[in-house]
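Novice: Numbered according to UniProt numbering, the sequence shown spans residues 1 to 824.
What the hints contain is simulated information worked out from the structure, not anything from laboratory work.
Using C-beta positions, here's what the derived DEER-type ranges look like:
id, residue 1, residue 2, range
1, E357, F528, 25 to 31 Å
2, R487, F528, 26 to 32 Å
3, K687, Q728, 19 to 25 Å
4, K155, P663, 22 to 28 Å
5, T426, D507, 33 to 39 Å
6, K447, E537, 20 to 26 Å
7, Q728, N616, 24 to 30 Å
8, K360, T533, 19 to 25 Å
9, D629, S346, 48 to 54 Å
10, F528, H619, 39 to 45 Å
11, G154, N680, 19 to 25 Å
Simulated pairs of lysine-lysine, PhoX-like, Cα-Cα distance not exceeding 25 Å:
id, residue 1, residue 2
12, K248, K223
13, K764, K736
14, K297, K585
15, K117, K223
16, K438, K478
17, K179, K153
18, K613, K687
19, K687, K707
20, K240, K182
21, K117, K232
22, K273, K153
23, K360, K316
24, K182, K223
25, K297, K707
26, K478, K232
27, K613, K383
28, K117, K179
29, K179, K223
30, K155, K273
31, K736, K613
This one's a predicted model, so the numbers in the text were calculated from it and none came from an experiment. Virtual Cβ for every residue (Gly too), placed ideally from N, Cα, C.
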Amino acid sequence: MEERDYPDIVSRSALKKWGWTDTLIDRYLGDPDELGTNPISPSGPDVKYYKKERIQETERRSEVKEALVKVLEKRNGSALGTDRKTPSRASSPKRGKTSQRGARDSIAHRIGAASGKRLVIVESPAKARTVGQILGNRYVVTASQGHVRDLPKGKMGVDLDNDFEPSYVTMRDKMPLVKEIKRAGDEAADIYLATDPDREGEAISWHLQTAAGWDKATANPPKRVVFHEITKDAVEEAFKHPREIDMKLVNAQQARRILDRLVGYQISPLLGKRVQRGTSAGRVQSVSLRLVTDREKEIQAFIPVESWSLDAELHKAADQAALHSIKGNRQRLTISAEEEARGYESELKEAAYAVAEVRKREVRQRPAAPFTTSTLQQEAGRKLRFTAQRTMSVAQQLYEGLTVGSEGSVGLITYMRTDSVQVAETAVQEARLYIGDKYGKDYLPDKPRAYRTRTKSAQEAHEAIRPTAIGRSPDSLKPYLTTEQFRLYGLIWARMLASQMADALSDATTVNIDAACKPLADGEEGRFPGFRTLYMEGKDEGDAEEASNSLPELAVGDALNCNSLEANQHFTQPPPRFTEATLVKAMEERGIGRPSTYAPTIGVLLARNYVSKENNSLHPSLLGTTVSDLLTQFFTDIMDPDFTAYMEEKLDEVSQGEREWVPMLQEFYGPFAEHLDNANENMPRVKPEDEATDEVCENCEKPMVIKTGRFGRFMACTGYPQCRTTRQIKETAGAKCPLCDGDLVERGSRRGVFYGCSNYPECKYTNNRRPLPDPCPECDGLMVGNRDGSSACTVCAWKAAAPEATDAEASGSSQEQELATVGD
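Make a model of the complete structure from these sequences and hints.
Specialist: Rendered as structure tokens:
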């Protein structure tokens, strides 16, 4: 490859000296005939890296060089110009993670060069790489990059007068890809659709088959293959038993998609007129918002109740062993006032203490079941402080496959979207062998443990989330994984192994003490750790702490000396605010959404500024509370958690063939249309109240409040119109500037919202697309969100399709944002 005339600030030869491969260099430098802007900041007008003409100003060239060197050093993991053996994992390109154009060229080339091969279509390049390695050269494996067809953005796309007939269109950016896949399929010996083993995966396969024109009348119709882990045995077994597309699953997905479009497309514009531009509603999004706002109202309405405890430290005369403090509320005695507490205190100080009764019992603690999607998100939130979306992103990387030494690309966990806790018999036996060898027979229960799924709608054909091979311990994989991958894999591995270990045993002791108030003391002494040797479940805020105190050997009649006695005041506490983990738990318990929708729902609530995250807790904004209250008033069914759960059950019945999807939609739409008509006529125009702040105006010293205007939130003086002081709110986007590591903050202008560096004017980085808090899984670069719900890396070519949303309109589609402005 010839060296091009790149700017002085960086050259191909210099990057080669630093150990970069041609593929990686191409990603960063691109073709100067095609790329005119900096891929680190596609929308940044001030920094241009790769124009053909050289940068003349020495000062500007020096500034750009310094910024680029910092970025490249971060990618390489060492100083530039020093000897390196190979690029770090974070900077090394992975096969299959190419641009869409490159992927199409690759398909055409491989099929054209070897017609007669079998074509396999999966969703993602990473999955394609792993499956391709397993199947070998007789197969060509390519990726659809998610859905290829969807409802149109420019109109509702659902015929209300014709049994809710959907009008699907091939996505504009997927048209060339569909064309190439169709041509490849026409030349292939066989076509296999190997998308994910759930409703969404089934629908993607159906849309691919339909868009390519491969119906049953085709001479060689596609075959559907399903596997729940990407391992050699699982994939080869799946290809031995292909089937047709399951239209029951497809119809359930269609019904969900149409339900979400009916709700979001028709309510969001109404909210835009009556509340504020850009507000939206969604079938799952809105009822989840109500959970958060209702909890906040509980907290605000909570009235603390006073109580008192008497805490005594007693010692056995013989050995001076301390007893547990005695809590007043453990005596079946409520002390509600200080005067009463002081009376008991005086009485107890004069009392004689003796052991009246000692009760002992064995306590067994069973291990928790292997992870489902919900419990994985909860535990990763508690222990790793991962967001729900980050958990799913990293889990998907582990599922789709990572390069592990000489093994090549390997799927490390089973499918990560599941509500089942069942585990394959082979995995159970593998775990028991590992436990017996590593920890000994005492840590094995007599029989393998079996777990039952509590969720009514659980798909028992799925497995729980587990490692594909117990023998791959986290430590053995550490050299090949990023920090986040290593931590999440370790959590999954330990949970699965612990689920097949013996119970933890402890001796619990309760001592009744003969004194004025008949106090008692509790204690617990661990006897056998069992599964707790390896794994202990995390705790949510507000969970009761386990007793961990130890009591000495005591016998009835033993005299006790009172070493100290103290009366302490307490107040009952309000329920804690939701965290992402506890909100996911509440959604699962109430039947709101499904495993694939928990993380996107929370992401939407945060992106819409309906809730904010403070110290890991979710706080509803005034806008979120206003929207929730209006929807609760005018759309009682949509905002009722029980009704939402009922609709999810109906969708499950469709997927199981127990109900037809069109009558289900008709049952829903009749009452909904009445609510919609009523809201259009009677919903008032509501302006969210100003938010009070602790800030004061620098000009008149009057309080400042937060207002919401055309370009977003800003701070204004309450002395308006006499004082017109305003101040921009630097709302952080949760991501770091790729040039100087400052915080990226949201800013507003006449052209709309954009994101800039908090270190402006020293750093002039800007981006019109919303920065995402989680870095690129390929190169750790800045990820940005697109209007269609997809995301892309601003450094390399890595892209992610829009996740399966709880409702497409709630996921930020441009159509609803545009409609929400009508009538303002």
